[in-house]
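Once you've looked at the hints, dock chain B against the given chain A.
Going line by line, the protein sequences match chains A and B. Residue 158 in full-length UniProt numbering sits at position 158 of the first sequence, and the numbers go up by one each step. Residue 68 in full-length UniProt numbering sits at position 68 of the second sequence, and the numbers go up by one each step.
Honestly, the hints are just simulated from the structure, not real lab data. Owing to the predicted nature of the structure, the values given are computational and were not obtained by experimental measurement. From the three backbone atoms N, C-alpha and C, an ideal C-beta is built for every residue, glycine too. Be a bit skeptical, because a hint or two may be false.
Unchecked claim - Examples of chain A residues toward chain B, derived with CB under 8 Å: (1) P70; (2) E103; (3) L177; (4) H179; (5) A181; (6) L365; (7) H381; (8) N446.
Unchecked claim - Dumping the calculated DSS-like pairs for lysine-lysine here, alpha-carbon to alpha-carbon at most 30 Å: (9) A:K483 x B:K68; (10) A:K137 x A:K69; (11) A:K325 x A:K452; (12) A:K7 x A:K298; (13) A:K551 x A:K568; (14) B:K68 x A:K325; (15) A:K452 x A:K298; (16) B:K6 x A:K376; (17) A:K545 x A:K495; (18) A:K137 x A:K276; (19) A:K545 x A:K452; (20) A:K452 x A:K440; (21) A:K69 x A:K226; (22) A:K459 x A:K551; (23) A:K440 x B:K68; (24) B:K89 x A:K483; (25) B:K71 x A:K440; (26) A:K203 x A:K77; (27) A:K483 x B:K6; (28) A:K226 x A:K203; (29) A:K389 x B:K89; (30) A:K61 x A:K7; (31) B:K6 x B:K68; (32) A:K203 x A:K4.
What the hints assert, rightly or not - Listing some non-contacts, in silico: residues in chain A with all C-beta distances to chain B over 10 Å: (33) Y59; (34) N133; (35) N148; (36) V228; (37) T260; (38) I312; (39) A366; (40) T408.
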Amino acid sequence: MADKMKKWWDLCRQIFERDEEKKEMPRRYRRLRRNIIFLMLAVTLIPLAIMAATNAMQYQKNIKSERIKPIRAIAGKAAHSFELFLEERLSAIHFISSSYSYEILSGQATLHRIFRILREEYGGYVDLGIINNDGTKIAYTGPYDLLNKNYSNQQWFNEARVRGVYISDVFMGYRDLPHIAMAVQNLNDQGESWILRATMDTKKFEDLISPMGMDPITDAFIVNSKGVLQSDSRNYGKVLDQFPMEIPSGDSGTHVRELTDPDGREIVMVYSRLIKYDFTLVMILPQANVFQPWHTLKQEMSYMFVASVIAIFLVIFGSTHLLVKRIREADEKRVIAFRELEYTQKLSSIGRLAAGVAHEINNPLAIINEKAGLLKDLVDHDKHHDKEKLMRGVSQILQSVDRCRNITHRLLGFARRIGVQYELLDINEVLRDTLGFLEKEAHHRNLNIEFKFDEQIPKISSDRGQLQQVILNMLTNAFAAVKDGGEIVLSTWKKDEQTVALAIRDNGHGMTEETMRQIFEPFFTTKKGYGTGLGLSITYGIIKKLGGEIKVDSKIEQGTTFTIFLPKTPPGEMEDD
Amino acid sequence: MTDSIKVLLVDDEEEFVTTLAERLEMRGFDPSIATSGDQALSMVQDKAFDLIVLDLMMPGIGGLEVMKQIKSANPDMPIILLTGQGSTKEGMEGMNQGAFDFLMKPLDIEELISQIHEALGKTSA
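Bound-form chain B, shown alone:
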């Protein structure tokens, strides 16, 4: 691992994102957190991230809207969506709009990591 992978975690459940960030950090990642769509968008402008993990259901600007704005500025940015909904409808919609993949809550951290690697591998390849 030449450089630790810079991941932005976006979710309105603060406990969730902070814990997830801590665990990713323990596994050698460089995570940042945002608890709202607005915050995520401003952070993307300030700092370059390798990958964004984005929750779909958020008050204010929802996940899909955030993704659309990020993609318009940086179409190659890999984004993994998180959904808490019972259905896969919104996840599929996100995939159609350019998300790399979607994962269901609660999250299996090993699966997330393998997805991150896959996403980055694909983009770098």
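Pulled out of the complex, with its shape left as it was, chain A reads as follows:
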């Protein structure tokens, strides 16, 4: 079963997957597809299988009972008529023995006449004899010379004397044909018992039984309690052979057994035990024949079931493939859209920074300008060149150039990359560096910036550009929240072995709960008119991408704290890239 399933699975895979697609499709989607397929197969196939099995069982039960009922009825009727047949023959003998006196019947001529009439009226009788009290046959009519034979030692004679009536099993008589003997005891005028005994050939049995075998495959016969066949069986031997199977004894009525005979045939055995006589009527049919309609139905149901399973497989595989493909395409589109958004946001950050940077650069440039101008003035006007003064001017110029370089480098470092690039970073250094962008603004607005850094914090593997963007976003928000002279606290600490944390706290205007719930949603902004509403949603996206978490805590008029948790190592599989 498992092998078959596997084959199917492979086949379906071949149908729906092109090779290059298989290679391309990330594991996550394959897993998703596998899960959906298994789930859908389970919810469709399990109930279907249960229903099919229940139906099959019910049908089997019904069809069997329907098929067996008539056979059983036939067997019951046949047994009954067989019993009636024996009864009739016995009562004829009984009638003769009661109607005539011992003396009359002892006359050979009378007995002969009665026997002739008996044969004409009933048929099947072979001979007729009178046995006296001593067991000697004193009158006989029939084809054999049995007159004066003594039966006193025979078992039937004694049984007939005890019970008054006797019917033998089938035996081979002198003619070498199967016979049955019946005897009836009576009393003469002297009170001595005498017996009227008749034998019948069992050809009559066959006449009774053969109509039961309506079709040629039905085997019907009679067995005695010792298991000896009392009539010919088609498959299990001739009359007087031992019947090879055991017939359960003790129960009257008609019974049905399904079993395997000694030759290995699957058969249905229907048997009916006669009430008054030691005979059992047996009908044997091949199971295949009895259950033919059931087998046909079962086959049809199996075909139906297999066809449904195949259809379900195909539909589920097909639709799941399509579904997962759509999901994947949607995911890809979302990733692209997010990247574009991220990029847009970054550009707007850069734009915002540019104004501040220009101002920052202009100051050192102004100094350079003045120093250089002064040097020129000194060379032009002063005949005695003051070397110390010149050198001081030059070193001032160099210092200012250095300032400019730092500023431009910072800006370039921020603007350079957009993709994720992991390197080992000191989170404190990244924070300080990023704050550098806003130092001037902080200075002009008299903001009090406090550092609470864990200087022993472990380095983390992360992306500098992305982290800078996140921190810059948080800082700009904090700057926007506080009034001039406000306080901003930057802190870092080690959360656990795998995680470091950084927090940016301000004592600004804070947020309402309503605002807090929405801040990470794209396009939500409180800075009506000049905010894009993308900052925090982008921040959230970046942090998720870096495998981190962001938490916000805010009280109105008291300030806001953003806490970011970052893993020491980035998330293992970056399946997007």
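Just chain B now, with coordinates in the frame of chain A:
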């Protein structure tokens, strides 16, 4: 030149103002320097200046606020604003509030001098 022109230079970048003062001095001016708004305001009270060169972006009291206070005491005082911002927005605002002109950093000293002369010429005329 009967009297050297008394100019007050106000900027938080000390190197910038000292150098500028030195160069103006070499050109016959009488410059004084202040590195914050507060300092500038107290100096204006102590001494009479012919003209003030004022940086807009300063920590503490910003340039516009300083100008407002000087103008309220002495509305005729000519003031030239200095701006380091990329935009001319703040300079224009300063002009609207009574500044004579605004100049962008880095400064061209010849332009500053001609502006000073123009400002004084206008006021004296």
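Go through the numbered hints given earlier and state which of them the structure violates, listing their numbers in rising order.
1, 2, 3, 4, 5, 10, 11, 14, 15, 27, 29, 30, 32, 39
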